[in-house]
Amino acid sequence: MTLADAELGLLPSSSPTPSDRDGTTGRARQTLRLLARRPGFILAVVYVVLVLLSAVAPRIFASGDPTQTVPKDKFLSPSLDHLFGTDELGRDLFTRMVHGSSLSIEATLISVGVAVVAGLTIGVLSGYAGGWADSLLMRFVDVLLAIPSLLLALAIVTALGFGTVNVAIAVGVGLTPGFARITRAEVLRVKTLPYVEAARSSGAGRGRILVRHVLPNSWGPVVVLAVLDFGTAILAVSSLSFLGFGAPPPQSEWGSLISAGRTYLVTSPWLTLLPGLAVGAVVYALNHIGKTFEEIQRWH
Amino acid sequence: MALTFAAQDARSSTHVGPVLEIAGLAVGFGQKGRERVVVEDLTLAVRPGQVVALVGESGSGKSTTAHAALGLLPAGGRIVGGRILLGGHDVTSIDDKEFRQYRGPLVGLVPQDPMVALNPTLRIGEQVAEAVRRRGVPKRSVPAEVAQVLERAGVDNPEVKARQYPHELSGGQRQRVLIAIALAGKPRLLVADEPTSALDATVQRRILDHLDRLVADTGTSLLLITHDLGVAVDRADHLVVMSQGRIVEQGRPSEVVASPQHPYTQKLLDAAPGLGRIRRPAPVPPVDDVVLRFEGVTKDFGSRHPVRVLENLDLEVHRGRTLALVGESGSGKTTALRIAMGLEKPTSGRVLFDGVDVASSDRKALRALRRRFQFVHQNPFAALDPKFNVRDLVAEPLESFGIGDRASRTATVTKLLDQVALPASYLGRRSSELSGGQRQRVAIARALALEPELLLLDEPVSALDVSVQAQILDLLVDLQTELGLTYVLVSHDLAVVAEVSHQLAVLDGGRIVETGPTERIFAEPQHALTRALLEAVPGLTASQDESA
Amino acid sequence: MLQYTARRVVQAIAVLWAAYTVSFAVLYMLPSDPVSILLNQAGGTSGRPSADQIAQIQSEYGFDDPVVVQYFHHLFDAIQLDFGQSVSRGQSVTSLLTENLPPTLALTATALLFTVVIGGGLAFLATYVGWRPLRSFLHRLPAVGVSFPTFWIGLLLIQLFSFSLGWFPATGSEGISTLILPALTMSLPTAGILAQVLIRGLDDTLEQAHIATARAKGLSRLRIHLKHALKNASLPALTILGLLVGSTVTQAVVAETIFSRLGIGRLAQQAVLAQDIPLVQGIVVLAAAIFVVVNLVVDLIYPLLDPRVLPHTERRSRVRTTPTPELA
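Chains as they are written, first to last, in our numbering: chain A, 1 to 300; chain B, 301 to 848; chain C, 849 to 1176.
In isolation and in its complexed conformation, chain A is listed as follows (with noise of 0.2 Å):
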């Protein structure tokens, strides 16, 4: 807990009091209820719940077609028609960002997906293992964090095309290394403390040692970094997009979107800044609970 928040009297019982019930229903309940007392926290929980359901169901939110030209209202500023107003072509902006939530947030759940599977394996490899595959490893990763990440996924994207799967991967092997170092950095820490020592000498096996031991107590920071690059991802996909990498029109992926209504930057402001305000609260709303998490687990 940060000076911040003792301050603002949300410091918890610091002394666990033995309780007469299991010890396990007890700590997840005391946890509902302090997150339940965070505003901010159930805010931002419902804004992505709400993002991830216009991604899976557009429908719900936007009963429109999100291709259907209607040029004699074209460039109407917002208004209770059209949330976010009409483009060029007189399509209304705010359907076209749910339904091209879809896009975005598959790029991102790909490319999260690819980092954390790498990055887990990498990671747990390099951190049990030790020695010259820990070595060697780490040696590669250091390379990958030495080539800025997007210029790594312009390579990716210029070897292998265009398109939001090509940019999904780029992004997701640029996140990799962060993965690989949080895991190992927990899995050498584990590694050392008492506890596993005592497993060892009373006679459990190596395989045991790490499925019981040292991936459970392993796998808290990962879960927090996970949620904090979920946003991050957002982002780079939505870049890699507005610079003309991703999917082509008419799909409405957010980063193009935005490309798109810079031309129009003058007379419809809102054609990019609403779509791009839209996205960093998504992107924010992730990092609120991210950090959350993390704060959770620091006084578990």
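Careful: at least some of the hints might be erroneous.
Pairs of lysine-lysine residues, derived as BS3-like cross-links and limited to a Cα-Cα distance of at most 25 Å, are as follows [stated by the list, open to error]:
| id | chain 1 | residue 1 | chain 2 | residue 2 |
| --- | --- | --- | --- | --- |
| 1 | C | K1075 | B | K486 |
| 2 | A | K291 | B | K687 |
| 3 | B | K397 | B | K332 |
Just a few of them, taken from the derived set where beta-carbon distance is under 10 Å, the chain B residues facing chain C [what the hints assert, rightly or not]:
| id | residue |
| --- | --- |
| 4 | Y402 |
| 5 | A431 |
| 6 | V491 |
Cβ pair distances, simulated, as ranges [claimed, not checked]:
| id | chain 1 | residue 1 | chain 2 | residue 2 | range |
| --- | --- | --- | --- | --- | --- |
| 7 | A | P39 | B | E398 | 31 to 39 Å |
| 8 | C | Q906 | B | H605 | 27 to 35 Å |
| 9 | C | L961 | B | E398 | 53 to 61 Å |
| 10 | C | V917 | A | V45 | 51 to 59 Å |
Hints are computed from structural coordinates only; laboratory data are not their basis. Quick caveat, the model's predicted, so the values are computed rather than measured. Positions of the beta carbon are idealized from the N, C-alpha and C atoms, including for glycine.
Mind docking chains B and C on chain A? Use the hints.
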């Protein structure tokens, strides 16, 4: 930084009353209006030149009281009742800016842990100079003053040390620097918060002696916060015993020890090694074979500039007895234990468990052997996986060796918990919900799961409160009697060792300097180090005189 | 110290070489048919390329040799700073890079300055201010800067300061006034990261025991904050400085595109759009080189600031837990 009028007034005032006066103090933590009270109804006074010891276990509120006297309560803490008068000034509700004037010239703090209390990126000299400058010393005289203050605190080569960084000094030297800093402002009251608990016994003794002298020479009052009743009895003019935020008893040390009024004080006395009732180790069994043998064990650490941690160790451990390995930090005692356990390999020599060489056994053979001897770790807070509940923790060795099925294992665990005096209702609890003493019991139960013959215990009670220490030691002795266990115990605390061990080996710099039956060594120590260690045990000499 | 320096330099060179190899692997080995990609650029052929054209590309780029040989050819050239010809522009890659580097450097340097001032200032205020509401607001502010895509921030700034207020130009590469908006755009996300790391570092440092000792001495709050807290908390921030510089360089890609500035960033965007493999590789290696050099400098400075780091120990931990905005 120049002093304001108030501070100069504080220093040179002719205020004759108590230097520190606390009346009905109450301190709470948490949100305003809904605080959790940790100190209640506290009244005490420190007169000029007096040494007052505030004694209590963790959670007693002694540290909080001391920090309140300096206006340094941690975040979320505030005074919710009563008054504090420092040198006659009411400081109860002044803000931090005002309190600053008093810190340094009126009251100084010697903090608890010398390893972290100094800024690691600033030179020693600069950190002392900051305190010296508060007195308004002219700029060019500051270096000389710094050297002088360091020397008085017992730091050798003060000019050289002043240019060094904290990590280049030993723990004892760092503590002296902290004392120098506190005294640099020439305060009327010195608050020492557990000033030596992180240090070796002999260093502790020297520093406390020095502190005594300084305080007597300068006429400064000393408020000594400690959990060690022996230290308090040895050094204080006035003894105050605290428990759960309240004062339970106070008076002259000799009187309190002779006739304690409050049951808690009695409990502390009983538990204090060296002061209370003398515990006797388990009776020795008739059979006399050697369970564990160290033969010429040598251990070097580091490849480029190897450090010799153990040299030619020869020891025998007989069945049913307890051998204690004693020494200061860095003497190699923990390493010896870890080699015996097979957690480290000796550079040369061997360790034989029942005739089998532990170090040269391969993993499979070692694993089979491990069923017969087990390790109890020093830190009960780190030795138990926080995700496991008690049942799984204790049953793990059984699971690792595939003994029995789930039901029989649970039954075994219940029986083991019973042996260590933990109720069966604890089966489902996680270790994070247990106190230190309870966790150590769980660790012992786990060690007993495979029915070993030998237990290796690394400082089994040093991380625990005094009263809990006594309970665990009792448990260990009972188990030894009941199960015929053999113990090898490592400790830096001779008082603990006196009560549970049959044999004693004193280590210094990796070598054995003295070994033999415990009683004989305590009665007639041969080696200088042994004598120094014995003399350094607070309160021990007092009780020895009494029981002799 | 000499040994430490030598080791670090060798490591830096090794990482640079490895970066080159990885980019080569990605660009030349990943695509199923690099020949047609290159052909598409070499003057846009209509209809199927003739066998002659294919043969010409193959010999020019060495595709008829086994991959390993190609690799060493390329590496040999690269060491002599020859990265081949840009297929989309007909110039040598090296000359393109040299032309476009200075404006990017100017932009990056300005952005870094903004980053340090804004991020550092914000962190100091956030931990020094006593009034709770302002304090918690300042603590949360950096996260906002990090959440928005860089390109959006740029467009917002243009809308606000160029079109509405008319203070700064929206495009252009000449003159100081054109530097301000792009540099600000690039600096806001990185300032957010820096502020977050510094705030965490300061909050942690302020809870440490030696701060209590300093307070017990009677030192003023400002002095403690500056001399004892900020100095110690800056050390981990210095560690991520290398990452921050790297991320700033990549921010240039977006910033230069939006503000139509000359520079490596815009060059990169156009190169990828044209699938100009040699040019992309040149840019990637250049960026890696900048990153490696900056980190080397930081590694060499660090022991001077933290006396605990002795030359033969390597205790600067570089585990990154906060996401960097490089990709935004």
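Hint-by-hint comparison with the structure:
1. For the suggested pair K1075/C and K486/B, the alpha carbons sit about 24 Å apart, so the restraint of at most 25 Å is met.
2. Distance check on the hinted pair: K291/A and K687/B sit about 22 Å apart at the alpha-carbon level, within 25 Å; holds.
3. Restraint check for K397/B and K332/B: satisfied, since their Cα atoms lie roughly 21 Å apart, inside the 25 Å limit.
4. The interface hint given for Y402/B holds, since its Cβ lies 8 Å from the closest Cβ of chain C, which is under the 10 Å cut-off.
5. Contact between A431/B and chain C, as hinted, is supported at the beta carbon level, the nearest pair being about 5 Å apart and thus within 10 Å.
6. Given hint, V491/B at the interface with chain C, holds; its Cβ is 9 Å from that chain's nearest Cβ, closer than 10 Å.
7. In this structure the supplied range 31 to 39 Å holds for P39/A paired with E398/B, their Cβ-Cβ distance being about 37 Å.
8. As the Cβ distance of Q906/C to H605/B is approximately 58 Å, the hint placing it in 27 to 35 Å is violated.
9. Between L961/C and E398/B the beta carbon distance is about 40 Å. The supplied range of 53 to 61 Å is therefore violated.
10. The supplied range of 51 to 59 Å is met by V917/C and V45/A, whose beta-carbon atoms lie about 56 Å from each other.
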